[in-house]
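S.K.: Spelled out from the first residue to the last, the chains are:
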Amino acid sequence: MPEISTSRPLAEAVATISRKIPVGAALTSREWELVPAEIKQRAMLSARVASEALLAEMQTRLKNRIELTKKDGRTMDRGVFIEEMRKEVQLSGYKRGDAKRGSLQDLKSSRRLGLIFDMNVAQVQGYAKWKMDMDAGVLNASPCYELIRGAAKVEIRNWPQVWQDAGGKFYGEPGPDYPDAPGRMLARKTDPIWRWISRFKTPWPPFDWGSGMELKNIRRRESDQLGLTDSREVLVPLAQPFNQGHTLSIKGVPESGRESLRSAFGDSIRFDGDRVQMQREASPETYEQSKQTIETSLRGRAREQYLQASGELDRLRRNDDGAEVGFQGEVGSSIAAIYLAQASAVSVGRKGLFHDTMALADAEAFFAATRGFPPQVATHYQDGHMLMWRRDLTDLRADELLSEMHASRGGLRMGYGLDEPAFNSPHVLVRIFQAPKQEGDVPLVGFHAPIESWQTFADARARDISDAWEVETETEWELIR
Amino acid sequence: MISLTITADTAKANQFLVEFTGSLQDRRDLNAALGSRLEDELQAHFRLKNAVPNKMGAVKTNFWGAVAAATKLEEVSDSGATVTVADKRFRIHLFGGKIVPTAGRKWLTIPLIKEARGLRVEDYESKVGKKLFRLPGTGVLVERSREGDRSTLGTNTATIRGKSGAFRPVQVRARSQVRPVYALKRSVTLPKDPHALPPTADLLAALLDEGNAFLNRTRD
Chain A
0 MPEISTSRPL AEAVATISRK IPVGAALTSR EWELVPAEIK QRAMLSARVA
50 SEALLAEMQT RLKNRIELTK KDGRTMDRGV FIEEMRKEVQ LSGYKRGDAK
100 RGSLQDLKSS RRLGLIFDMN VAQVQGYAKW KMDMDAGVLN ASPCYELIRG
150 AAKVEIRNWP QVWQDAGGKF YGEPGPDYPD APGRMLARKT DPIWRWISRF
200 KTPWPPFDWG SGMELKNIRR RESDQLGLTD SREVLVPLAQ PFNQGHTLSI
250 KGVPESGRES LRSAFGDSIR FDGDRVQMQR EASPETYEQS KQTIETSLRG
300 RAREQYLQAS GELDRLRRND DGAEVGFQGE VGSSIAAIYL AQASAVSVGR
350 KGLFHDTMAL ADAEAFFAAT RGFPPQVATH YQDGHMLMWR RDLTDLRADE
400 LLSEMHASRG GLRMGYGLDE PAFNSPHVLV RIFQAPKQEG DVPLVGFHAP
450 IESWQTFADA RARDISDAWE VETETEWELI R
Chain B
0 MISLTITADT AKANQFLVEF TGSLQDRRDL NAALGSRLED ELQAHFRLKN
50 AVPNKMGAVK TNFWGAVAAA TKLEEVSDSG ATVTVADKRF RIHLFGGKIV
100 PTAGRKWLTI PLIKEARGLR VEDYESKVGK KLFRLPGTGV LVERSREGDR
150 STLGTNTATI RGKSGAFRPV QVRARSQVRP VYALKRSVTL PKDPHALPPT
200 ADLLAALLDE GNAFLNRTRD
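Chains as they are written, first to last, in numbering that gives the first Met the number 0: chain A, 0 to 480; chain B, 0 to 219.
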């Protein structure tokens with residue numbers, strides 16, 4: 000039976016906000032408009048906010064809003080979000096700089112925080128509705144949308160012009176929102192125009208900053224009568240809302256922001272100098288596969304690669320007929336396991352580069368174990384240095400990478416955030432252990448990272464281990480002056 | 000031949016019972032169509048409410064528009080469909096209730112002028128560039144003003160709202176002219192809105208129309 004509920008959150012919206020990954024980056028709003036829509040959908044982001052910690056605080060509160068949870072007797076709403084985030088921004092040491100107090104550029108302002116709240120809530124609600132609208136039963140019962148005004152605004156954009164410029168058609172008599180328009184703005188739900196009219200390239204509202212335009216369902220009978228659909232037609236839902244190929248300028252994005260993107264999206268994106276490009280294909284035939292999130296997919300593939308490689312290493316040892324296979328003994332096996340975990344992170348694009356020094360026997364074992372990795376994975380051994388990277392995700396060559404290692408400038412490449420020359424300045428020493436950490440345990444991974452962004456790099460490297468081994472990790476850090 | 004009957008469930012509010020004669024293979028798709036239509040009817044109702052101008056003639060807060068945006072078909076299955084209004088603020092209009100200050104605050108601030116509607120006190124002060132005063136014993140936040148409705152202070156002291164939300168005394172010249180901006184209330188009781196949802200008869204008619212359209216479409 001159909002029923003109306005007022006007490007349940009939207010499950011898909013909850014899942015969407017939960018999947019969002021705080022990705023701080025110092026870009027302007029205009030630059031973020033160019034962010035590939037799929038990254039935007041998955042990234043909790045806000046222009047000119049480089050602090051992942053602050054974005055994570057926003058995400059937690061937005062999640063509470065979407066989940067309709069109560070905390071300290073009150074539910075999260077716009078006013079509470081603004082009030083609490085103002086305090087968090089204050090605590091973060093935020094400096095307004097040249098931004099005018101109370102303006103949109105002022106992160107502490109109600110205008111700015113209110114916009115962040117409105118946009119993020121609207122985006123996840125929009126996506127949740129889009130997912131349900133792509134249900135075959137729903138789509139065939141109401142196959143089209145009409146672009147209508149849902150909220151009164153002081154300044155009204157000329158949406159019929161935007162619609163026309165995007166190639167949209169008009170149907171019937173104009174509606175009350177735009178009585179001078181050539182007709183009503185209607186299109187099939189699967190029509191790409193819904194992305195083209197959007198400043199953010201998402202096929203659901205909001206379609207612009209502070210826009211009050213909404214989508215109204217058009218029932219099948221009306222859609223057939225207006226000629227948008229045929230009564231005998233069975234409509235096929237879209238697998239996912241985006242196409243591949245979007246690019247984004249990430250000029251000015253700090254390394255921690257790039258590392259966040261790399262760790263979150265792996266080989267779904269490719270870095271090319273100051274640009275990043277989406278690499279995924281959209282295909283209705285992979286509808287079931289496309290339901291899987293990028294994060295789940297990366298985790299599963301990394302685990303698979305790790306198991307394949309460690310299994311191959313074990314097989315080599317069992318087939319040993321007296322020849323010495325690398326990574327001997329218990330210590331050697333432990334080291335191999337750590338290397339292969341990092342290698343599997345490289346193979347799915349989560350870690351930009353693996354490097355370590357190895358004896359020849361170990362290197363041969365490493366080559367053999369990772370032989371089954373995808374063809375895009377490049378491995379190079381020279382003068383005791385082992386390198387592994389993805390050819391398709393970087394234009395660097397082996398000799399260039401080696402040169403950086405020799406100059407002790409490999410920290411950034413390997414996703415540690417800090418090259419050795421910076422060790423003389425204050426920074427953080429990070430150590431990652433398998434949980435629960437016991438007295439006397441040796442860290443699995445240790446590296447030096449910048450003070451302002453060590454957490455980003457620590458989380459990324461911890462994920463390399465946890466994805467491959469399916470274990471929990473603990474991170475320790477120490478300020479080095 | 001399949002025929003459809005839809006009635007309101009008297010045992011459970013906001014549920015509708017769907018009965019049909021004959022065999023129906025694809026119940027899920029029928030429920031998808033009905034759920035989608037229910038979503039449309041609710042959204043249309045909320046958008047109509049949103050279009051009504053407020054009594055103050057102030058810039059709209061678009062509350063009912065936000066409720067419409069939060070109304071979604073949430074779940075579809077062989078046994079039914081659920082439309083969720085995922086905005087907690089809607090519940091108090093549906094059921095009535097008392098609104099009280101939260102987060103340690105003592106007062107609710109009720110706008111008395113259209114310029115203050117939809118704005119927090121801090122945002123109003125920031126917008127107009129004036130600090131608000133509390134008139135002693137009146138529970139009203141006022142601003143110095145020569146415009147609009149104004150009162151004249153009889154004494155030369157008032158209370159200014161400080162950063163922490165508490166009040167502290169401040170000197171104001173006697174016979175200053177002030178305008179009330181917000182009323183301070185300990186709580187506000189909202190009655191149940193009888194028009195929070197569309198009339199049940201309208202919803203039933205819409206669902207029956209959708210159900211018959213589905214049967215005609217799938218039969219052809």
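A few of these clues could be false.
Listed next, the in silico BS3-like pairs over lysine-lysine satisfying Cα-Cα at most 30 angstroms (straight line) [stated by the list, open to error]:
# : chain 1 : residue 1 : chain 2 : residue 2
1 : A       : K215      : B       : K59
2 : B       : K130      : B       : K113
3 : B       : K113      : A       : K86
4 : A       : K107      : B       : K130
5 : B       : K113      : A       : K99
6 : B       : K129      : A       : K107
7 : A       : K86       : B       : K97
Per the computed footprint, the stretches of chain A lying under chain B, defined by three or more beta-carbons under 8 angstroms from a beta-carbon of chain B, are [unchecked claim]:
# : segment
8 : 132–141
9 : 213–222
It is worth saying that the hints were derived from the structure and are not from the lab. For glycine and all other residues, C-beta sits at the position ideal for the given N, C-alpha and C.
S.K.: Hint by hint, say whether it matches the structure.
M.R.: Do the hints match the structure? See the list:
1. K215/A x K59/B: Distance of about 21 angstroms is within 30 angstroms: holds.
2. K130/B x K113/B: Holds. K130/B to K113/B sits at ~18 angstroms (cutoff 30 angstroms).
3. K113/B x K86/A: holds (29 angstroms)
4. K107/A x K130/B: With Cα atoms ~19 angstroms apart, K107/A and K130/B stay inside 30 angstroms; holds.
5. K113/B x K99/A: holds (26 angstroms)
6. K129/B x K107/A: Holds. K129/B to K107/A sits at ~19 angstroms (cutoff 30 angstroms).
7. K86/A x K97/B: holds (28 angstroms)
8. 132–141: Holds: 7 residues of the segment 132–141 of chain A have a Cβ under 8 angstroms from chain B.
9. 213–222: holds (count 6)
Comparing the model with each earlier hint shows no violations; every hint is respected.
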